[in-house]
Amino acid sequence: MRGLKYQLKNVLRDKFCLMTFLLPILIAAMLNFMGSIDMSSLGKLHFGVLKHDLSPQTVTWLERYGSVTFCETSMELTTAINEPSTNIIGVKANGATIETIIAGDELDIFQQAAATLPTLYQQRTDVAQAEVLILKRPDILKNVQGIFIPTMLIVAIFMSCTFNAMNIISEKEDGVAFVNEVLPMTPSQYILQKIAIGFLFGSLSAIVTACICFQLSWQNFGIMLALIVLSSFVAALIGLFIGQLSENLMIGVVYIKIVMLVFIVAPILHALIDMNELLTMICYLVPSQPSFEGIMALSSENTKTAMKDIGVLAIHCITWFILYVLISTRRKKQAI
Amino acid sequence: MALGFLVLYTVYVNMGYIRFMQMPPYNVYLYDPEGTQIKKSSLVQIVPFMEVMNNALLTDANGVGLDASTKDVRVILYMGAEHIDRHRTDYALSLLHPSDSYTPTVIGTNTPEQKARKEITCELLFFELTAVGFLGIAAVLFKEKSMGVIRVHAILPLQRNLFLLSKLMVFVLSDLIFAVLLTLLNVGFSDGAAVLPAVLLQTAILSLMMTLVGLLCALLLKDFRQFTLAYLVMAIFAATPVFLSANTSVKFDRIGYHPFYQIYMKLKNAYFGETIPLFYYVGSAVAILSLFLIGQFAFHREIEKEG
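As you go down the protein sequences, you meet chains L and F in turn. Under numbering that gives the first Met the number 0, the first residue of the first sequence is numbered 0, with each subsequent residue one higher. Under numbering that gives the first Met the number 0, the first residue of the second sequence is numbered 0, with each subsequent residue one higher.
Simulated from the structure, these hints should not be mistaken for lab results. C-beta atoms are modelled at their ideal positions from N, C-alpha and C, and glycine is treated no differently. Where hints are given, some of them may not hold.
So the derived label-pair ranges between C-beta atoms look like this [what the hints assert, rightly or not]:
1) L/T68 - F/I37: 37 to 43 angstroms
2) F/V10 - L/L224: 37 to 43 angstroms
3) L/T68 - F/T110: 41 to 47 angstroms
4) L/I314 - F/M22: 34 to 40 angstroms
5) F/T9 - L/S84: 29 to 35 angstroms
6) F/Y101 - L/L224: 55 to 61 angstroms
7) F/I293 - L/K256: 24 to 30 angstroms
8) F/A193 - L/T78: 48 to 54 angstroms
9) F/P32 - L/T78: 30 to 36 angstroms
10) L/S66 - F/I106: 19 to 25 angstroms
Cβ-to-Cβ under 7 angstroms is the rule here; a few derived chain F residues that face chain L [to be verified]:
11) A67
12) D71
13) R73
14) M78
15) H82
16) T88
17) L92
18) S93
19) G107
20) K114
21) A138
22) S189
23) D190
24) V194
Construct all of the structure, not just a fragment, from the sequences and the given hints.
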């Protein structure tokens with residue numbers, strides 16, 4: 000316990016550790032309270048029209064499919080269509096019908112939409128009578144929106160890793176690591192103290208972030224807590240690995256960046272792309288994948304998947320812990 | 000390390016990104032046991048049973064099902080976004096009564112693949128210069144500082160500006176070489192060569208700015224640890240909104256005032272062959288000159304401190 004007190008004292012003096020603790024909380028607060036991101040525009044088509052060219056009825060009809068931007072001149076319309084970050088389809092009146100203009104570099108789906116728009120315009124009165132059955136399914140776009148918050152939470156959980164890695168590297172740089180070796184402290188005590196530090200701060204950071212971002216029932220909060228605690232534990236262990244492997248701060252930062260990238264990219268790719276079984280298995284080897292999936296499942300009230308992810312995380316915890324103990328015991332033997 | 004990232008980026012663009020960035024038109028499935036839909040388009044896929052259609056829709060959530068087993072055709076689709084759902088419905092129904100094929104007027108010069116290649120290369124170059132390369136520059140400068148290179152320069156009979164200029168030259172030159180290789184390997188030789196002069200000019204501007212900022216950090220901050228803090232803040236708060244606003248329809252209020260956004264957009268304009276206004280160059284020159292003067296001041300102060 001006294002060792003833990005010293006570790007805490009050491010960490011609290013370290014501004015980098017404090018910053019990594021506060022960063023996800025700050026961003027979560029920003030996303031929640033000050034976010035002015037207009038995500039709704041991702042789920043519609045975008046049309047560019049000349050002012051006073053189309054009739055108000057045609058504009059209203061276009062607005063059924065997406066947003067309409069008015070341009071003063073043809074030049075302005077051409078620039079808007081050619082703008083690479085958008086997929087604006089130019090629409091002009093052509094007698095009783097309409098014609099479309101594209102840049103030609105749009106994805107096939109937008110090119111097809113532009114090619115069929117005049118036909119849809121001609122048939123606009125017929126289609127209104129058809130019966131439409133919309134089946135319920137988790138909204139894909141809501142998931143895209145929802146990805147931001149779980150990603151933030153993954154970053155918060157990952158702070159356990161940064162905490163431990165930075166902590167050990169700074170001890171190495173200051174020579175405290177050598178002092179530790181001659182202290183009357185067993186390797187298991189050392190491992191537990193180090194894990195406890197990263198684990199405590201990572202969990203705390205993630206719990207505060209979760210409280211800001213989610214309004215959960217008590218039962219779901221318990222599952223979320225389990226997900227956070229297990230993920231933080233694995234992240235803290237990985238931090239120990241990075242700390243042991245890095246010779247100095249610069250190398251440590253590079254390792255952390257690579258691990259962080261893998262931690263964030265794997266679950267996002269898995270969420271956005273249909274993967275085959277092999278790729279899914281590979282993604283599950285990254286501990287952030289079950290955490291991310293569990294958080295996403297909880298946000299859509301799917302406790303069954305969340306429970307499965309807790310199981311996967313528990314396996315991760317045991318495997319990484321055994322691996323770390325084995326490697327450090329071997330190193331110790333080699334050193335002797 | 001830069002070479003490693005160059006290989007990584009090239010593999011990612013050619014093996015991964017170009018494949019991911021494909022979005023075919025919606026598939027339309029028709030269940031028509033009586034064969035009532037005679038005029039249907041060739042784009043419609045006929046299914047023999049309703050179960051087949053249900054399974055097809057389950058795996059292809061963007062697809063639309065048309066059930067013509069009753070008198071009026073019924074449209075079946077999985078819920079997506081409101082506007083897109085309306086479009087999918089009308090599009091699917093229009094395929095039952097196709098008109099003469101219509102081709103929209105094309106006013107651009109790029110194909111979808113060319114656009115994807117230019118976009119991702121621009122993003123990777125910006126990311127490399129502002130994040131990865133910048134970290135490398137700062138790491139080298141901090142190492143030199145800790146080795147006492149500045150102290151050595153204070154007693155060398157050389158002009159003091161030479162230190163700053165030599166650092167600038169080395170880093171800008173290496174960034175330019177990186178930009179040439181990245182552009183030619185990922186955009187393609189003919190397309191890449193056409194945009195290269197404009198891209199190199201923008202790379203030089205960005206590289207000069209980042210090197211000077213890195214140099215300033217190395218001179219003003221105590222050690223690499225302090226720098227990592229500044230770097231973390233810059234990477235998250237400066238780069239993320241720029242990427243979101245510049246590449247997706249997600250827009251932040253007042254993003255135009257973000258200096259990184261302006262720089263990124265000009266680099267993107269260079270890749271897409273669009274003209275860049277003169278006042279941007281004037282503004283960049285003023286910014287680089289100011290950064291250089293501040294750097295010079297900080298360097299002289301550091302030398303005086305060293306005695």
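Consistency of the hints with the structure:
{"no.": "1", "hint": "L/T68 - F/I37: 37 to 43 angstroms", "verdict": "40 angstroms, holds"}
{"no.": "2", "hint": "F/V10 - L/L224: 37 to 43 angstroms", "verdict": "40 angstroms, holds"}
{"no.": "3", "hint": "L/T68 - F/T110: 41 to 47 angstroms", "verdict": "24 angstroms, violated"}
{"no.": "4", "hint": "L/I314 - F/M22: 34 to 40 angstroms", "verdict": "36 angstroms, holds"}
{"no.": "5", "hint": "F/T9 - L/S84: 29 to 35 angstroms", "verdict": "23 angstroms, violated"}
{"no.": "6", "hint": "F/Y101 - L/L224: 55 to 61 angstroms", "verdict": "57 angstroms, holds"}
{"no.": "7", "hint": "F/I293 - L/K256: 24 to 30 angstroms", "verdict": "28 angstroms, holds"}
{"no.": "8", "hint": "F/A193 - L/T78: 48 to 54 angstroms", "verdict": "20 angstroms, violated"}
{"no.": "9", "hint": "F/P32 - L/T78: 30 to 36 angstroms", "verdict": "51 angstroms, violated"}
{"no.": "10", "hint": "L/S66 - F/I106: 19 to 25 angstroms", "verdict": "20 angstroms, holds"}
{"no.": "11", "hint": "A67", "verdict": "11 angstroms, violated"}
{"no.": "12", "hint": "D71", "verdict": "6 angstroms, holds"}
{"no.": "13", "hint": "R73", "verdict": "5 angstroms, holds"}
{"no.": "14", "hint": "M78", "verdict": "5 angstroms, holds"}
{"no.": "15", "hint": "H82", "verdict": "4 angstroms, holds"}
{"no.": "16", "hint": "T88", "verdict": "5 angstroms, holds"}
{"no.": "17", "hint": "L92", "verdict": "5 angstroms, holds"}
{"no.": "18", "hint": "S93", "verdict": "5 angstroms, holds"}
{"no.": "19", "hint": "G107", "verdict": "3 angstroms, holds"}
{"no.": "20", "hint": "K114", "verdict": "4 angstroms, holds"}
{"no.": "21", "hint": "A138", "verdict": "5 angstroms, holds"}
{"no.": "22", "hint": "S189", "verdict": "17 angstroms, violated"}
{"no.": "23", "hint": "D190", "verdict": "12 angstroms, violated"}
{"no.": "24", "hint": "V194", "verdict": "13 angstroms, violated"}
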